[in-house]
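*Asks:* For reference, the chains in residue letters:
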Amino acid sequence: MGNHSSLLLREDEIATIQQETGFTPNQIERLYSRFTSLDKGDNGFLCREDFHRIPELAINPLGDRIVNAFFCESGSEDQLNFRQFMKVLAHFRPVKKDKENKLNSREGKLRFAFKMYDTDNDEQISKDELLGVLQMMVGDNISEEQLVSIAERTIVEADKDGDQMISFQEFCAALERTDVEQKMSIRFLN
Amino acid sequence: MNVLEIVKQRNSSHSIMGTRRTLVLLVLFVLASELAHNTTALSEVPLHGHSTIQYVDSPIGSPAGVVTLPSSVHHAEDRSGLAEAVSSPSVSTGDHLGEAGGHHGVAGEQGTAGGHGGAHEGIHVFTAEFARVEIPFIISLWIFCASLAKIGFHMAPKLSSIFPESCLLIVVGIVIGLLLFHTNSAGVSPLTPTTFFFYMLPPIILDAGYFMPNRLFFDHLGTILLFAVIGTIWNTVSIGLALWGCGLTGLYGFDLPLLDTFLFSALISAVDPVAVLAVFEEIHVNEVLYIVVFGESLLNDAVTVVLYNMFDAYVGMGQENIKYTDILSGFASFLVVAIGGTLIGVIWGFLTGFVTRFTNHVRVIEPIFIFVMSYLAYLNAEIFHMSGILAITFCGITMKNYVEGNISPKSHTTIKYAMKMLSSSSETIIFMFLGVNTVNDQHDWNTAFILLTILFCSFFRALGCIMLTELANRFRLHKLNRVEKFVMSYGGLRGAVAFALVLLVDPKKVKKQPLFVTATISVVYFTVFFQGITIKPLVKYLKVKRANKFEKTMNERLHEKLVDYTMAGMEDILGHTGNLKIRDKFKQIDNKYIRPCLIREHAAHEPKILETYSKLTMRDAMDFMRRNATSSNLSGGNSESMAVLFRNYTANNLNNSASIAQMDQGWNLDIGELAYSPSARDLSDAKVHHMLSEELWKPYRRSSRRLSYSRHAVNDQDLSSSHHVNHNMHMHIRRMVSETVRKQHSKRVKRHRDPHANGSGEGGSRNSSKSVSFKTLKENGLEKKLHDDYLHAVIKEVSEAEERNISTDDTGAQATGSTEDLDGDGAGGITFTARKASREAHPSTPTAVEMQLPWKRDDADDMSTFAIKQSEFPLWVDNKEYNNYYSPTNTFLGELDKKKTNHPSVIDIFTKDRTADSSEHGNNTLPSTAKSFDVTVTIPEENSKEDGEDEVKKVTNDKDCHA
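Sequence order for the protein chains is A and B.
Numbering-wise, the working numbering puts 54 at position 54 of the first sequence, and it's gapless, one number per residue.
Numbering-wise, the working numbering puts 169 at position 169 of the second sequence, and it's gapless, one number per residue.
If you are wondering where the hints come from, they were derived from the structure by calculation, not from laboratory data.
Since this is a predicted model, take the numbers as computed values, not measurements.
Mixed in with the good hints, there may be bad ones.
Pairs of lysine-lysine residues, derived as DSBU-like cross-links and limited to a Cα-Cα distance of at most 35 Å, are as follows [what the hints assert, rightly or not]:
#1 Lys-127/A <-> Lys-615/B
#2 Lys-127/A <-> Lys-536/B
#3 Lys-183/A <-> Lys-323/B
#4 Lys-115/A <-> Lys-536/B
#5 Lys-127/A <-> Lys-400/B
#6 Lys-615/B <-> Lys-40/A
A few chain B residues that don't get close to chain A, going by computed Cβ distances all over 10 Å [as the list claims (entries may be wrong)]:
#7 Phe-130
#8 Phe-197
#9 Val-229
#10 Gly-250
#11 Ile-368
#12 Ala-418
#13 Phe-475
#14 Met-554
#15 Tyr-565
#16 Thr-566
#17 Ala-568
#18 Asp-572
#19 Ile-573
#20 Tyr-593
#21 Tyr-613
We treat Cβ as the ideally placed atom computed from N, Cα and C, and that holds for glycine.
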């Protein structure tokens with residue numbers, strides 16, 4: 001995009017985003033204003049620093065992962081335009097029965113969560129990947145050994161085919177009872 | 001009447017009442033045992049020699065036959081006195097103590113009451129004095145009856161499946177009430193507002209608050225507050241106006257002032273937590289629905305209290321004197337009552353956490369802090385006329401997380417059960433008293449008023465629910481649908497709170513108080529009976545989403561946490577303040593400032609993850625033990641495989657010559673393939689240890705309690721910190737479980753991965769060969785490996801053994817027990833006939849004795865199936881300390897075979913081929929062991945001799961040669 005001159009979105013852009021993500025134009029406008037306020041350099045895209053500038057995100061133990069997920073999803077290394085931004089956010093739209101959308105379906109949400117673990121993109125959560133997340137969340141006060149055993153226990157529990165990894169299918173199966181649709185939705189203000 | 005006065009009065013009339021109230025049973029007891037006790041008592045008297053015995057009551061000869069049921073002789077004043085005394089036991093108890101002090105002699109001598117009679121003048125053999133224990137006795141009797149009734153319901157499962165417990169209890173209460181009523185005790189009123197609010201309600205609310213699912217509660221706090229505040233106000237205003245409006249038409253036949261109506265509507269509009277809990281716990285609706293209704297019933301207390309007090313004050317002032325400032329101050333007082341109550345609760349909650357931080361040396365009194373401090377919070381709020389219910393609820397919610405981090409698991413269990421016990425018994429009593437209180441002759445029935453009240457209560461509740469859910473749904477992710485709306489409005493049960501409040505209304509100020517009481521009882525009955533009974537089938541019929549109660553798995557816990565953090569991060573990015581963000585903020589503050597202050601061992605940021613983990617591993621361990629308890633003769637899961645090894649050493653050391661070939665086989669089977677070789681030191685070590693532990697019978701370490709007895713010491717050092725995972729133990733169990741799980745899921749994969757698996761797939765199908773690889777073993781990992789392998793074997797065996805005969809177990813057990821006897825006298829009294837069976841259950845080792853005594857050997861049998869290795873265990877294998885040595889290290893891997901060949905033994909001539917083979921084998925396995933710790937254990941089954949496996953055949957051949 002790189003539309004430096006105007007802060008306003010063009011009609012056709014709104015239309016494509018709406019089609020792609022299912023957001024209402026109103027929501028798109030709102031999120032665009034947020035986007036521009038995050039975009040400190042007025043570049044028309046966000047870079048990692050923009051994200052890290054958010055104070056709460058900086059202390060979120062998974063902050064890095066979340067930022068990574070944005071860039072990973074969009075495929076670009078350090079630039080995130082509004083469309084890509086919206087595409088990531090679309091995962092968190094509440095599921096509505098009448099409007100089917102690939103991004104915010106249960107699977108879409110689960111896949112996003114899965115990607116948070118799967119740093120090497122091999123469609124498998126390995127023990128080390130799990131351990132990494134655990135370390136971030138649980139913190140340093142607990143012994144490495146204990147974390148390892150927790151990670152192992154987790155893998156064993158979900159691992160159906162015995163390859164010591166959690167595949168996406170296994171991940172979904174493990175979260176079968178969880179109300180992911182609700183847990184991974186944000187009530188976007190209208 | 002003042003309690004003091006009553007007590008005095010009772011004091012003065014003691015002699016009469018004492019005799020009158022003597023219980024039949026006790027009298028009979030005296031008459032029967034007087035003679036027998038007399039002699040002993042005579043000898044006792046000088047010993048005691050109390051000069052202060054001066055209490056002279058009714059002498060023995062007095063007519064003790066006039067005995068009636070205690071409750072039926074009460075006088076009216078006495079009864080009210082009882083009620084008051086119950087409501088303020090501290091006063092009455094103090095008084096009683098004083099009274100008791102006066103009659104110290106009696107208190108002291110009661111135990112030996114049998115017979116001072118004949119010895120001293122004025123000391124009587126026996127006195128029955130009911131009045132002295134009347135109050136506590138009656139209270140206990142009530143609790144006892146109520147609990148009995150509760151047992152009774154569960155004896156009749158049909159009854160309790162149709163009616164909720166609350167209904168049944170009310171019915172029992174009515175029956176008792178009728179009995180009391182007809183035995184000339186009209187007007188008995190055990191449920192006074194003071195009793196209710198001070199003693200019965202707090203336990204229930206504390207239980208609710210302490211076990212409140214915090215996350216759920218705060219997630220839905222908005223909706224809950226909406227219902228609790230706006231909903232209750234709406235109900236009060238609408239019901240009050242409607243009733244008043246109907247009164248204007250003259251329908252009731254009397255004049256009903258507006259303020260009185262509002263007073264009534266204020267107390268009748270609140271949903272009752274006790275009733276809601278009682279009914280909703282039985283119908284198991286989904287958690288969202290439950291928390292919304294239940295949360296509302298808890299939090300609306302503040303509104304009810306304020307509205308009630310407000311209208312009560314207005315009634316006192318009179319309608320014309322009310323200024324608009326009074327109305328404004330009413331709303332202001334709402335804020336004070338609600339926020340003040342909450343604040344007091346939260347502060348006390350933190351205080352409790354802080355106090356429990358220092359209780360690690362006095363574990364026994366840990367639970368008392370939780371109870372007392374939350375009760376103090378309740379009373380503290382009541383001092384300032386704030387909402388006690390809010391205070392105790394939030395006290396429970398606040399303290400829970402911190403307290404749980406500090407107290408021992410035993411205290412946790414104690415708290416849990418004590419709390420449940422208290423709350424459920426006071427719930428029982430409340431409903432029962434509700435029934436008892438119904439039966440009196442002061443009812444003022446007015447059909448129109450009561451029917452309209454019930455109608456309006458239901459109607460406006462439904463209307464309010466519909467409107468408020470519409471409003472709430474605008475802000476909710478999870479929209480409440482029509483069915484849920486219905487259940488919410490239908491679940492608006494009224495209960496004892498309303499009843500207690502209506503009893504508080506002063507009949508002098510409000511003329512129609514008896515009518516209000518009757519109406520309240522009617523509404524309570526209607527909601528508890530009609531709605532309570534019908535809600536269960538309705539919930540079924542409407543297919544309301546039921547709660548699915550389950551323990552979170554590790555995955556769920558972990559991934560949900562991840563999702564939480566992610567969502568909080570997303571909200572940060574979106575820049576809007578949602579629930580999660582607040583939660584996240586609080587969590588950060590909590591972790592940074594609060595937790596370090598309040599929790600002794602501030603461990604990790606996500607205690608829930610650890611909690612789940614330790615819970616699950618504990619369950620695994622329990623499962624494992626349970627499964628193995630019957631079919632294996634193991635002493636403990638983690639001490640076994642080392643034991644097997646040592647058994648082999650000792651056997652080897654003890655018989656160097658005779659059956660070394662046989663041992664050699666075992667060697668090769670179990671150890672050789674593991675490439676395991678003990679050093680000479682290890683062996684002698686084992687030998688010495690064997691000797692020692694067979695001489696010294698189980699040198700257990702006794703607990704310190706034996707040395708210094710202390711009454712209040714609870715010896716739970718081993719359990720002192722709840723969140724600490726016993727790492728080593730869990731490691732083993734977890735590995736073991738993990739391996740079985742994996743094996744169950746993928747037999748094919750295992751076979752594929754197993755390089756040492758039986759060569760011929762079909763032929764080896766009866767043979768089970770296991771290969772396990774551990775990548776993460778540390779330097780001394782061999783022991784663990786062995787553990788695991790052995791455990792697998794056991795697990796496999798167990799699962800197979802379960803399918804087999806039970807006789808296997810018996811013989812296995814027999815074999816275990818026999819070792820000691822054999823050592824003792826070597827007699828043939830113990831039969832080893834069950835060998836085949838036990839071999840099926842285990843890879844077994846012949847003991848030393850067995851090997852040295854030829855007649856104990858069943859050579860032919862042994863040779864055909866060489867896997868008799870662990871049928872008996874020497875005692876010392878149970879010693880865990882020994883097994884914890886990591887002594888046999890990897891450094892000696894493969895040295896075994898060299899040593900073996902160097903030994904100039906006759907047997908070696910026969911086993912040359914074998915040795916060559918094994919050394920070759922050892923060379924093969926060594927590199928793989930070094931690299932990835934591939935371990936192969938071959939566990940032959942009963943039919944191994946028929947199998948086509950090369951190795952096994954070779955072994956068998958060797959044996960034949962030797963024989």
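*Asks:* For each hint, tell me whether it holds in the structure or not.
*Replies:* Consistency of the hints with the structure:
1. Lys-127/A <-> Lys-615/B: holds, 21 Å
2. Lys-127/A <-> Lys-536/B: violated, 46 Å
3. Lys-183/A <-> Lys-323/B: Violated. Lys-183/A to Lys-323/B sits at ~50 Å, over the 35 Å cutoff.
4. Lys-115/A <-> Lys-536/B: violated, 43 Å
5. Lys-127/A <-> Lys-400/B: holds, 33 Å
6. Lys-615/B <-> Lys-40/A: Distance ~47 Å between Lys-615/B and Lys-40/A Cα, so the pair is violated.
7. Phe-130: holds, 58 Å
8. Phe-197: holds, 38 Å
9. Val-229: holds, 22 Å
10. Gly-250: holds, 51 Å
11. Ile-368: holds, 30 Å
12. Ala-418: Consistent with the label, Ala-418/B stays out of reach of chain A, its closest Cβ about 31 Å off (over 10 Å).
13. Phe-475: violated, 7 Å
14. Met-554: violated, 5 Å
15. Tyr-565: violated, 4 Å
16. Thr-566: violated, 6 Å
17. Ala-568: At roughly 6 Å from the nearest Cβ of chain A, Ala-568/B sits no farther out than 10 Å, so the non-interface label is violated.
18. Asp-572: Its Cβ does come within 10 Å of chain A, the nearest being 4 Å, so this is violated.
19. Ile-573: violated, 6 Å
20. Tyr-593: holds, 14 Å
21. Tyr-613: violated, 5 Å
In this structure, the earlier hints numbered 2, 3, 4, 6, 13, 14, 15, 16, 17, 18, 19, 21 are contradicted, and the remaining ones agree with it.
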